[in-house]
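As numbered in this note's numbering, residues 12 to 98 make up the sequence shown, in order.
Keep in mind the hints are simulated off the structure, nothing from the lab. Wrong hints could be hidden among the right ones.
Said to hold, decoys possible - Below are the BS3-like pairs computed for lysine-lysine, each with C-alpha atoms no more than 25 Å apart in a straight line: (1) LYS32 / LYS83; (2) LYS29 / LYS98; (3) LYS98 / LYS54; (4) LYS54 / LYS32; (5) LYS29 / LYS66; (6) LYS54 / LYS83.
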Amino acid sequence: MTARELNEFIVYWLPLMKDNKYNLITFQTAAYEENARLYITPKPDSVLRVFMAYKALDDYIEVPEQRLSTFKRNGFAAVEWGGTEVK
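Throw the hints in and build the complete structure from the sequences for me.
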């Protein structure tokens, strides 16, 4: 994501999460791409889809680090970001 896209993501999500003691955050890229197909015409040269799932927690938990792939923009690029709170 560009600095602007990243800033927009944070500006949207931070106010929803800031009052939680802890937040468990995962990025659901593969599951999201499988279950929410995206059709764009004309077809983009590169596509980045970022879907975050988070859950408010009262207690700290240790979780393995999530490895995220890098994204290289080529030509016409489509960038989509979103997320959901898991209750």
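Comparing the hints with the structure gives:
1. For the suggested pair LYS32 and LYS83, the alpha carbons sit about 35 Å apart, so the restraint of at most 25 Å is broken.
2. Among the hinted pairs, LYS29 with LYS98 is consistent with the structure: their alpha-carbon atoms are about 16 Å apart, no more than 25 Å.
3. Restraint check for LYS98 and LYS54: not satisfied, since their Cα atoms lie roughly 35 Å apart, outside the 25 Å limit.
4. Restraint check for LYS54 and LYS32: not satisfied, since their Cα atoms lie roughly 42 Å apart, outside the 25 Å limit.
5. Our distance criterion of 25 Å between C-alpha atoms is met by LYS29 and LYS66, whose separation comes to about 12 Å.
6. Proposed proximity of LYS54 and LYS83 is supported: the alpha carbons are some 16 Å apart, at most 25 Å.
Violated hints, in rising order: 1, 3 and 4; the structure is consistent with all others.
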